[in-house]
Amino acid sequence: MAENHSADSVQARARNCAAAIGALFNGVFGTLDHWRSRVEASTAWGAGEIDPAVYAMVGPELTAADPLLIGAGFIAAPGVVRGKGLHFAWWLGPLEDNPILGTTTEPSQLDLASREYADYLRDLSALEWYRVPEATGARHITGPYVDHLCTCDYILTLTAPVVVGGSMAGVVGADVLVRRLERDALPLMRAVGAPTALVSAAGRVIVSTDPQLPVGTLAAADAGPAWTGAITCPGTNLKVLVRTAQ
Amino acid sequence: MSQEPSATTPSRGARAAVFAQLTGAGRSEQVAQRLTDAILLGVLAPGDRLPSEAELAKRFGVALVTARDALGAVREAGLVETRRGREGGSFVLATEQTPERLLQARLRGLSQVEIADLAVYFGTLAAGCAERAAELASTDEAERLTAWLHDADFSSASDSGRNAGGFYLEIAVVSQSPRLVREQIRLQAEFGPMLWLCLTDPVMRARVYAQNQRTAEAIAAHDAAAARASVRAQISDLSAWLLAAKERLEQGAAADG
Chain G
828 MAENHSADSV QARARNCAAA IGALFNGVFG TLDHWRSRVE ASTAWGAGEI
878 DPAVYAMVGP ELTAADPLLI GAGFIAAPGV VRGKGLHFAW WLGPLEDNPI
928 LGTTTEPSQL DLASREYADY LRDLSALEWY RVPEATGARH ITGPYVDHLC
978 TCDYILTLTA PVVVGGSMAG VVGADVLVRR LERDALPLMR AVGAPTALVS
1028 AAGRVIVSTD PQLPVGTLAA ADAGPAWTGA ITCPGTNLKV LVRTAQ
Chain L
1282 MSQEPSATTP SRGARAAVFA QLTGAGRSEQ VAQRLTDAIL LGVLAPGDRL
1332 PSEAELAKRF GVALVTARDA LGAVREAGLV ETRRGREGGS FVLATEQTPE
1382 RLLQARLRGL SQVEIADLAV YFGTLAAGCA ERAAELASTD EAERLTAWLH
1432 DADFSSASDS GRNAGGFYLE IAVVSQSPRL VREQIRLQAE FGPMLWLCLT
1482 DPVMRARVYA QNQRTAEAIA AHDAAAARAS VRAQISDLSA WLLAAKERLE
1532 QGAAADG
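Chains G and L, in that order, give the protein sequences.
The numbering used here applies: residue 828 is where the first sequence begins, and numbers increase by one.
The numbering used here applies: residue 1282 is where the second sequence begins, and numbers increase by one.
This is chain G alone, in the form it adopts within the complex:
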């Protein structure tokens, strides 16, 4: 029947959309894998060695024309680079009007000491982008969330564990601005031909072609029977939802 046929093609296009968005994230995870093996092969673990080595890897990604990544680096587990707490070999790409750094044209290294307002965070290793890869040993996408430590913007953070000698040595990671991702994801989602939302594992809307389901809202509670079952973007914890009835 024509209607079923049409619904089937929407489903097929939604699967294509999910696959393309999955490929986009897998591209970033591919870069993280590369960084991870480079860090794991390190022979000197002082900040004096690690920081320049990490910057040599991530700098080009942050300064490329129209970069997908707004922040990237290696976050070392306690005891790996320094005795207590995490060590951040982490760089932020050029920023516009950042509350702490203003407008920058070059990457700047994250300096947590300049974030006095974040002193109330007692344990940074309890934050999702560190805690989950540490617990599962697998890569993870955190967010979307407002990152008040680095960009002060709405972002996704991709992290993968770094393992040296069988133990957790930290995570490599990259931040993607939601407003930058939107530019790549929207054309893929419009091609579905029906209102479509990209949501996180928790159901938080990241990008949407449906004004009734805007970015930042939770789709889990709103998405009724009018929406098809979520299609997972391969290799990620993200899902594509498609509205099949008005």
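Worth flagging that the hints you see were computed from the coordinates, not collected in a lab.
A couple of the hints might just be wrong.
[Stated by the list, open to error] What follows is a list of derived Cβ distance ranges for each label pair:
no., chain 1, residue 1, chain 2, residue 2, range
1, L, Arg1356, G, Asn853, 34 to 44 Å
2, L, Ala1502, G, Leu1013, 30 to 40 Å
3, G, Gly875, L, His1503, 48 to 58 Å
4, G, Ala953, L, Leu1530, 34 to 44 Å
5, G, Ala1072, L, Asp1421, 27 to 37 Å
6, L, His1503, G, Arg909, 51 to 61 Å
7, G, Glu933, L, Ser1333, 13 to 23 Å
8, L, Asp1434, G, Gly875, 31 to 41 Å
[Claimed, not checked] To be clear about the criterion: a stretch of chain G counts as covered by chain L if any three or more of its residues have a C-beta under 8 Å from a C-beta of chain L, and this derived list gives those stretches:
no., segment
9, 969-977
10, 1021-1032
Just so you know, even glycine gets a beta-carbon here, dropped at the ideal spot from N, CA and C.
The hints should help you fit chain L onto chain G, whose structure is shown.
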């Protein structure tokens, strides 16, 4: 008569003022005020080394000379001493200053209308964040907020000040709005130590903690009206406390004089 403003009308002058540079003196006083508040509230402890002048300039986004002037003012106030040499730098001194002295300095400098207006502004922002957070919090986010608050220390003035501010920043994060988060950071950097002066009072520490618990519960229950009401009650208490402290101070001063 032409409705077009001429070059001499006040509206042109007002527009020029918007884009006028902040004066060096004003900015150095702001930097000195932040350092003074931090030392008197115990956020910076005796013996702590302050960042270098160059680092201060970078952090506050001011010229090196402005940071130097600010540090000079804090040194003249007897709050830090600067030592030369390889182990040198500016170090926080043990001070006789009490929270009451801080109150005098800070509250005398502000009019009632400035204090009341600050409370309105902060209250509107914080209540809006709480309302939005209640609408949008995922189960995971609500649980994290509750767990963080459960372990947050509200037993001393400096810890509770940091955590009371941190609580509102966390709520702004849950609201999913970068603009609200940025505004919280800006507002707390500028007025945080003042807003939380009441936490020098143990009764207020207990009350603020209990109110925060109610706010966190309302957010977890997706009860936007209750979250908003709880935040507004707290800000109203902060405002009343600050105005009462100012009144006591000035009546005392009038009696002394």
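Verification of the hints:
1. Separation of arginine 1356/L from asparagine 853/G is about 56 Å and departs from the stated range, judged on CB atoms against 34 to 44 Å.
2. Take alanine 1502/L and leucine 1013/G: their Cβ atoms lie about 35 Å apart, and the range 30 to 40 Å holds.
3. The hinted range of 48 to 58 Å is satisfied by glycine 875/G and histidine 1503/L, whose Cβ atoms lie roughly 49 Å apart.
4. Distance hint for alanine 953/G and leucine 1530/L: a CB-CB separation of about 42 Å, consistent with the stated range 34 to 44 Å.
5. In this structure, alanine 1072/G and aspartate 1421/L meet the distance hint of 27 to 37 Å, their C-beta atoms being roughly 30 Å apart.
6. Remark: the range hint 51 to 61 Å for histidine 1503/L to arginine 909/G is contradicted by a beta-carbon distance near 42 Å.
7. Checked against the hint of 13 to 23 Å, the pair glutamate 933/G and serine 1333/L passes, with Cβ atoms roughly 21 Å apart.
8. A hinted range of 31 to 41 Å holds for the C-beta pair aspartate 1434/L and glycine 875/G, which are about 35 Å apart.
9. Counting residues of the segment 969-977 of chain G whose beta carbon lies closer than 8 Å to any beta carbon of chain L gives 4, which reaches the threshold of three, so the coverage claim holds.
10. Coverage of the segment 1021-1032 of chain G by chain L holds [criterion: at least 3 residues with CB-CB distance below 8 Å; count 3].
Checked against the numbered hints above, the structure violates hints 1 and 6; every other hint is satisfied.
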